[in-house]
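**Student:** Given next are the chains, with one letter for each unit.
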Amino acid sequence: MEDYEIVKGARSEGRLTASDYIKALVKDFVEFHGDRLFGDDRAIIAGIGRIDGIPVTVVGIEKGKDTKERIEHNFGSAMPEGYRKALRLMKQAEKFKRPVVCFVDTAGAYCGIDAEERGQGRAIAQSLFEMSDLKTPILSIVIGEGGSGGALALSHADRIWIMEDAYFSVVSPESCANILWKTTEKADVAAKALGLTAGRLYELGLVDKVCSSERVGDLLKEIAKELRNLKEIPAEDLVDKRYEKFRKVGY
Amino acid sequence: MELKSLFLKVNNELENTDNRPRSRKITCKKCQKQVSVSKIRKNFFICPECGHYFPVRARRRILMLTDKRSFVEMDRDMESKNILSFPEYEDKLIAAKEKSREKEAVICGEAAIGGSRVCIFAMDGNFMMGSMGAVVGEKITRLFEYATRRGLPVIGVTVSGGARMQEGMVSLMQMSKVSAAVKRHDKAGNLYIVLLTNPTTGGVDASFAMLGDITLAEPGARVGFAGPRVIEKTLNQKLPEGFQKAERVLECGFIDEIVPRQEQKEYLERILKLHGF
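Going down the list, the protein sequences come from chains A and B. Heads up, the first sequence is in my numbering, so the first residue is 672 and it goes up one at a time. Heads up, the second sequence is in my numbering, so the first residue is 88 and it goes up one at a time.
Next up, chain A with everything else stripped away, as it sits in the complex (with noise of 0.2 Å):
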């Protein structure tokens, strides 16, 4: 498949968004809300449950199933607020010991003069800052998009998967395009160009593993062993090869 049309299925309706995966891991899930400064959006979830028997802490970007419930979540783009309610249960995994799990699906952080005044750039800022020091295993699956700097606020993970048919990039093809060549037209070029793409990306070494959109059930397994694993790493261990893994991208 063209790299650009894994883009737009990866936008399509009728994708399976984080509450499915939520429903389909997370046993005995429940939800908390708010960020104790603000407000609570509804782009992101989170809360805790269990997988395979593992307590763990869960953060989705949700964009909802229809016209209701995408009016709801935002169309899955967060505000400051949202990022901020993560970090806050990403903080509470870490006291109580929990992994973290992140379903990343955004087309990218909201963009809008409330989401600028109230420090957009500032909360994606303190997520990536705090998140390199989580004394806790954290494992971000990219399931749809990963639009920018909006899904790399949630990306700071001992492991980042990515399923098959999702994309994770610095800008959309549409932006990219229009900023080089002043068309949308030519987005499937910058689509390509991007190497924004689950086998690009693994390639790369930007990802870890690429997951299969046919056995979802499979992933359940997968993770808990994941989780089981990470968690034998003594924290201090945990969080010096999470700064390796970040520090050698590029170099």
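Hints in this document: simulated from the structure, not taken from any laboratory. Model, not experiment: these values are computed from the prediction. Hints should not be assumed to be uniformly reliable.
[Said to hold, decoys possible] Once the Cα atoms are required to be at most 30 Å apart in a straight line, the calculated DSS-like pairs of lysine-lysine come out as:
no.	chain 1	residue 1	chain 2	residue 2
1	A	857	B	325
2	B	186	A	857
3	B	116	B	320
4	A	863	A	679
5	B	325	A	853
[Said to hold, decoys possible] Which stretches of chain B does chain A cover? Using the computed rule of at least three CB atoms under 8 Å from a CB of chain A, they are:
no.	stretch
6	216 to 230
7	348 to 358
[What the hints assert, rightly or not] So, partial list: chain A residues that the calculated Cβ filter (under 8 Å) puts toward chain B:
no.	residue
8	783
9	799
10	823
11	827
12	865
13	922
By construction, the Cβ of each residue, glycine as well, lies at the ideal position given by its N, Cα and C atoms.
Fit chain B to the known structure of chain A by using the hints.
**Tutor:** Relative to the frame of chain A, chain B by itself:
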């Protein structure tokens, strides 16, 4: 692109040291008056007529903020490669090198400010709009690691359009890499002061530009995550006056102080002294 117009071509006219007479004048973009280049230079690259802030090259920025002849550059020869074989990237790099007369969009090193040893980095808007690729991320990361080892403060001057598209996810993940290095510097109890200059946006805004212990900005600097045109298009409405301007961002609680260019060095000296340097 609107962002491009923020990186005024006039910057190079101001910096040119060719044979043209010293008395030459340029037109200030803001007040449209003819102003002599030497007057602008003596006035911290501020228009003597209307107070407009001209962009400042990274190297000059460092000279303006540090003690005379104290700056020692680090990693000066690092150059970007076209890792993704991205179309036209090599040409853009060549043009950027010519325009900026630098090898990349950030300059890093060690210097003294009021006699205090510091690490300093300054970004250069003439190099592909100060965008961050692997080299920019690596140089800043190395600077923070060096500063952490030696217990030195870091002073960072930002100007950037964000992550560099031509390096794809490698450039996006520089945000993660640098933020992690800032965290280590922070945890070891070291001081990091950021000076935001016009414009500081995108992936740089959403990483090390917003992670300072003390966050300063130049008057009128645009500071924000999303580009104004993108927001306007998304919302289909005009943006309010002063939106994403440093003064407004301070009101919103994300900047400690707006410091005029003439006072920046002295301000940094004061802050460093208060931290015992």
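**Student:** Hint by hint, say whether it matches the structure.
**Tutor:** Against the structure, the hints:
no. : hint             : result
1   : A:857 with B:325 : holds (28 Å)
2   : B:186 with A:857 : holds (28 Å)
3   : B:116 with B:320 : holds (26 Å)
4   : A:863 with A:679 : holds (13 Å)
5   : B:325 with A:853 : holds (22 Å)
6   : 216 to 230       : holds (count 6)
7   : 348 to 358       : violated (count 0)
8   : 783              : holds (6 Å)
9   : 799              : holds (4 Å)
10  : 823              : holds (6 Å)
11  : 827              : holds (5 Å)
12  : 865              : holds (5 Å)
13  : 922              : holds (5 Å)
Checked against the numbered hints above, the structure violates only hint 7.
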